[in-house]
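Undergrad: Sequence:
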Amino acid sequence: MKLNTIKRAGKSHFVNMGPIRLRQPFPTQHIEMIDPFILLHHYGPYHISPVSNPFDLGPHPHRGFEPITFLVQGEQLHRDSLGNESVVKAGDVQWTTAGRGIIHSEGPTKSFVEKGGYIEGIQLWLNLPAEKKMMQPNYQHEKHEDFRVITSEDNKVETRIIAGEIDNTFGRILTQTSVNAFMIDAKAGGESTIPYSNSHQSMLYLLNGKVTVNDVEALELDKNQLMEFMQDGEGIKIKAEADSKLLFLSGEPINETVATYGPYVMNSQTELLEAMRDYQMGKMGFLPA
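So for the sequence shown, the working numbering puts the first residue at -9; every next one is plus one.
Fair warning: there could be bad hints in the mix.
Calculated lysine-lysine pairs in the DSS-like style (CA-CA distance at most 25 Å, straight line) [claimed, not checked]: (1) Lys100 - Lys133; (2) Lys1 - Lys213; (3) Lys(-3) - Lys235; (4) Lys213 - Lys(-3); (5) Lys229 - Lys(-8); (6) Lys227 - Lys200; (7) Lys100 - Lys79; (8) Lys146 - Lys200; (9) Lys227 - Lys146; (10) Lys177 - Lys227; (11) Lys235 - Lys177; (12) Lys146 - Lys133; (13) Lys146 - Lys235; (14) Lys146 - Lys229; (15) Lys79 - Lys105; (16) Lys79 - Lys177; (17) Lys200 - Lys229; (18) Lys146 - Lys(-8); (19) Lys227 - Lys(-3); (20) Lys(-3) - Lys229; (21) Lys(-8) - Lys200; (22) Lys213 - Lys229.
Calculated from the structure, these hints are not laboratory results.
Let the hints inform the model, and build the full structure from the sequences given.
TA: Written out as structure tokens, the structure is:
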């Protein structure tokens, strides 16, 4: 397999969002987006308790993209204006298609706050093409134990297929565009390859541990944690130098103008103004606090 050339590796710097301090590998000064992916936030681990609960996000709107949560530790309650209410547990994924508009809230469950513990996850913004930005909203919640898993030949690397496919093994999430999302758990010494289409732009994000990629460059916690690849090969190779967890993402570029403001991702400033107006007029639904 011809390996994709590493385009660049970058740090996952901390940023402040209200009371929350989290990592934001992109967008940054150097990486505006990795089409079709708009934003990646790595939050936590935060210790949650009755006296400390910064990660409780009340009702807020979205339009024009897909906000996705990969929960690594803890327990969150999701509610939305479509009437969905579900408890998302460690390893679960919630994949929201905002489309023309949805209001949702998420935060640790009351029982989790009372007993205390750590919460950690990835929040990903996946763009929708112009023709789908005003589609009906949708919500998918898939449980950790239901995802299909591919194990490496050395039995040290497990690749959980969230969306997309590897060698005709498919993820359970239904996607609006051609996308792969794999959560990878690797034990020290484990090696694996990840094949995917060279029509995709792709990246690898390290949540913890240390891995060598394509035998040439390392990802390590608190050093370089994000790696972006060229579209010149058939996949990538990883070798775990320590027990590690990674998120691999790839997708067909949409190649459209992107306009963002707060919780909206559209194609023009006019569409952003329309989104704000429609939210204020109640056209995205209602969700009580």
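Undergrad: Each hint needs a verdict: does it hold in this structure or not?
TA: Okay, the hints, checked on the actual structure:
no., hint, result
1, Lys100 - Lys133, "holds, 20 Å"
2, Lys1 - Lys213, "holds, 6 Å"
3, Lys(-3) - Lys235, "holds, 21 Å"
4, Lys213 - Lys(-3), "holds, 17 Å"
5, Lys229 - Lys(-8), "holds, 16 Å"
6, Lys227 - Lys200, "holds, 14 Å"
7, Lys100 - Lys79, "holds, 13 Å"
8, Lys146 - Lys200, "holds, 14 Å"
9, Lys227 - Lys146, "holds, 14 Å"
10, Lys177 - Lys227, "holds, 15 Å"
11, Lys235 - Lys177, "holds, 9 Å"
12, Lys146 - Lys133, "holds, 22 Å"
13, Lys146 - Lys235, "holds, 12 Å"
14, Lys146 - Lys229, "holds, 10 Å"
15, Lys79 - Lys105, "holds, 15 Å"
16, Lys79 - Lys177, "holds, 23 Å"
17, Lys200 - Lys229, "holds, 9 Å"
18, Lys146 - Lys(-8), "holds, 23 Å"
19, Lys227 - Lys(-3), "holds, 15 Å"
20, Lys(-3) - Lys229, "holds, 18 Å"
21, Lys(-8) - Lys200, "holds, 23 Å"
22, Lys213 - Lys229, "holds, 17 Å"
The structure is consistent with each of the numbered hints, conforming to all of them.
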